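Chain B is fixed; fit chain U onto it per the hints.
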Amino acid sequence: METNQLVLDTAERMFRDHCDKALLDAAEQGHYAADLWALFASNGLPQLATEVGGGSLADVFHLLRVAGRFAVPLPLAEVLIGNHLLGASQCGPTEARISLGIADSHSAEGGEVNVELTAVPWARAVERICYVIGDPLEIVLLEVADCEITEGANIAGEPRDGVRFVGVPSRCGSPPELDVARIFEWMALARAAQMSGALERVLELALLYAKERKQFGRPIGGFQAVQHNLAVMAAHVAAALRATDAAIAALDSERRSVQVAVAKARVGEAAGLVAEMAHQVHGAMGFTHEHQLHHFTRRLLAWRDEYGREIYWQQRVGRAVAAQGADAVWDFVVAQ
Amino acid sequence: MDGLRFDDISLPPQAVALRGEVREFLNAVLPRQYLPNSDFNCGHDPLFSRALGERGWIGMTWPKRYGGGERSFFERYVVTEELLAAGAPVSAHWIADRQSGPLLLRYGTEPQRQRHLPAITRGECFFSIGMSEPDSGSDLASVRTSARAVDGGYVVNGTKVWTTDAQRNHFMIALVRTDAAGESRHAGLTQLIVDLASDGVQVRPIRNMAGDEDFNEVVFTDCFVPATSVVGKPGNGWEQVTSELSYERSGPERFLSAFRVLVELVRAVGAEPDDHQAAVIGRMVGHLMTLRQMSISVAGMLQAGASPAVEAALVKALGNDFEKELPELARLTAPHLNEGHRFRATLAQTLLHAPAFTLRGGTREILRGVIARGLGLR
Chain B
146 METNQLVLDT AERMFRDHCD KALLDAAEQG HYAADLWALF ASNGLPQLAT
196 EVGGGSLADV FHLLRVAGRF AVPLPLAEVL IGNHLLGASQ CGPTEARISL
246 GIADSHSAEG GEVNVELTAV PWARAVERIC YVIGDPLEIV LLEVADCEIT
296 EGANIAGEPR DGVRFVGVPS RCGSPPELDV ARIFEWMALA RAAQMSGALE
346 RVLELALLYA KERKQFGRPI GGFQAVQHNL AVMAAHVAAA LRATDAAIAA
396 LDSERRSVQV AVAKARVGEA AGLVAEMAHQ VHGAMGFTHE HQLHHFTRRL
446 LAWRDEYGRE IYWQQRVGRA VAAQGADAVW DFVVAQ
Chain U
1283 MDGLRFDDIS LPPQAVALRG EVREFLNAVL PRQYLPNSDF NCGHDPLFSR
1333 ALGERGWIGM TWPKRYGGGE RSFFERYVVT EELLAAGAPV SAHWIADRQS
1383 GPLLLRYGTE PQRQRHLPAI TRGECFFSIG MSEPDSGSDL ASVRTSARAV
1433 DGGYVVNGTK VWTTDAQRNH FMIALVRTDA AGESRHAGLT QLIVDLASDG
1483 VQVRPIRNMA GDEDFNEVVF TDCFVPATSV VGKPGNGWEQ VTSELSYERS
1533 GPERFLSAFR VLVELVRAVG AEPDDHQAAV IGRMVGHLMT LRQMSISVAG
1583 MLQAGASPAV EAALVKALGN DFEKELPELA RLTAPHLNEG HRFRATLAQT
1633 LLHAPAFTLR GGTREILRGV IARGLGLR
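Chains as they are written, first to last, in the numbering used here: chain B, 146 to 481; chain U, 1283 to 1660.
So here's chain B without its partners, still in its complex pose (with noise of 0.2 angstroms):
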């Protein structure tokens, strides 16, 4: 335990020396932040969740919470979560800069590969691409200057580029037990720890600007009608919380469908919810630009659509219950 909470002190130190307000804008304009990069490689940090690092993946969960607190503009998830699988994999961690992608389909002749994958973060500024297939899942390593690259983006800015390539790839081949739902599990973690990061830091500015924010001759922190939304909204962020926790303390067990899917769905609604009312107590400051907060919103409205919205993790949840029957509910409900 102690080894990891020296990972994450490492890992806020130094989001919070680097990942400022400048770094964001940049890398929103498409510089990769190389800096930083560097450093959080220097730190054997990529490796984290490998043999080398020796973290599990729920380290990984809990260094994304921190990252997600800072809106590190970098791949991480894909990074931890890909070099966890390649670790796995006859090809091994690595120390380049990865993006990680799951194809729905790809054509396998001879040797030759033909596949396209879209929405990959950061695929333009990466040197591989890791993506994963099918049940039991393959592994497959491409080399981004081997492929064609059509530049895109999510509603926070981060890049999301669609990735083509025909050629003869890596084949990292299939480590056990694991399957493409299991890999869209975790990013779907990865998105909902990044958001209870994102939220805890929504709620931190907007507690902030309600206590130094004057009207009326006072803090409009002292109005009970702001109070209230605070008090909802951190309501809000302590079941999101709450739920991610659940999520990755049942990674090893039977429950982890069901949690993460839990988690997902209650943080994406807690990440509408409270990207709103943040915005409510920021007043027309916080819809500048210049102002931080809509870095940290835009990714809460953005990251609540990738791997999953609501919807579907609430759906997959409620027909499992309904499979299992009426009388059935509470035991589903209390099942560790």
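Be a bit skeptical, because a hint or two may be false.
[Stated by the list, open to error] With the Cβ distance kept under 10 angstroms, some of the chain U side facing chain B (calculated, not the full set):
#1 D1290
#2 A1299
#3 L1317
#4 K1346
#5 R1347
#6 E1546
#7 E1554
#8 V1567
#9 G1568
#10 Q1575
#11 A1654
[As the list claims (entries may be wrong)] Derived, one-sided and incomplete: chain B residues facing chain U with beta-carbon distance under 8 angstroms:
#12 G366
#13 A376
#14 A394
It is worth saying that the hints were derived from the structure and are not from the lab. Owing to the predicted nature of the structure, the values given are computational and were not obtained by experimental measurement. Every residue gets a Cβ at the ideal spot worked out from N, C-alpha and C, and that includes glycine.
Chain U only, in chain B's frame:
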């Protein structure tokens, strides 16, 4: 920020083991035609409470010398959540078990404990809360019921209101004014155990909008209460009353009141819900799981001896909103069913009681104020 972190807590095995025992018990004692209601206020059944007492499931965490079980908060948690989820009639002993007993354990005199606690654990002695008055709701410190010191005790005059089950229960712990408020309006308040069968106590049921007579007006006219009935110290009533709140606000009864609507919805839609029904059920179950984990986390804080007032307010605020949202979403997505169908009956009961969910035990507005204080805004 304090008060936002709800630690991961897995219920210990001895707590989980109780689940099966409670279910077996309920199967044996509840009549077959019983319509479950997971609202803790709906269902006053002294025989049921007595049977529960025989099993040792009232006062579970209290010392054995007072009839308790010296079990953990987690074991009590499992028993209470199983009872509520099954919609068992728990109202009679609920307040005595949840807060009157713990209050007496903390502040009561030895004779008070000897007299009341063993009887509570047997399911034979029921308590009501005596806080609100016609002119004092959320502003509790403004209570006007007076207790004038006389030889050997106090003479009480005034009116308490919204007193659940006062017409059926044995005692009320009344918050009364024994002295004028000094510099602090919280001074001069005292808690008294009042025997509801005493002379000078008049109980008048108040019919609620659901047609039930659960709560009451209780009028005290020169009612003599012996000095031995003072809980704790005279004048210390405010501190004592607020210390009950973490127990009162964080339990599963704060998000399970509408649970049976969800159960009947799942029954009504069957094994293959449509997309909308699946989403509603999934959303509700997800919220419920998260709330429950937050509530168990608070039980862990109580077990560790903490007084998590802000966390408790947070659970209750989110939980009450959930209880109100559940029937609303359920009614929109349920298949068409005739009046009299089990789903419709459960839904109607819940909708008619829902206004109380965000009022009782601290209104939504009061809870948000408590949370705001925890956030450093007041």
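Against the structure, the hints come out as follows:
Because the beta carbon of D1290/U sits about 5 angstroms from the nearest beta carbon in chain B, less than 10 angstroms, this interface hint is met. A least Cβ separation of about 12 angstroms between A1299/U and chain B goes past the 10 angstroms threshold, and the interface hint is therefore violated. Taking 10 angstroms as the C-beta cut-off, the interface hint given for L1317/U is violated, the closest approach to chain B being about 14 angstroms. This hint is violated: K1346/U has a C-beta 28 angstroms from the nearest C-beta of chain B, more than the 10 angstroms allowed.
Annotation: interface hint on R1347/U violated; nearest CB of chain B at approximately 32 angstroms, more than 10 angstroms. Using the Cβ-Cβ criterion of 10 angstroms, the hint placing E1546/U at the interface with chain B is satisfied: the shortest such distance is roughly 7 angstroms. A distance limit of 10 angstroms between C-beta atoms decides the matter here; for E1554/U the minimum to chain B is near 7 angstroms, and the interface restraint holds. Checking V1567/U against chain B: minimum C-beta separation of about 5 angstroms stays under 10 angstroms; hint holds.
Checking G1568/U against chain B by beta carbon gives a least distance of about 4 angstroms; that is within 10 angstroms, so the hint holds. With a least beta-carbon distance of about 5 angstroms to chain B, the hint placing Q1575/U at the interface is held under the 10 angstroms criterion. Interface restraint check for A1654/U: the shortest CB-CB distance to chain B comes to about 4 angstroms, inside 10 angstroms, so the restraint holds. Satisfaction of the interface hint for G366/B is found here, the shortest Cβ-Cβ separation to chain U being roughly 5 angstroms, below the 8 angstroms cut-off.
About 4 angstroms separates the beta-carbon of A376/B from the nearest beta-carbon of chain U, less than 8 angstroms, and the hint is met. Below 8 angstroms, beta-carbon pairs count as interface contacts, and A394/B has one with chain U at about 5 angstroms; its hint therefore holds.
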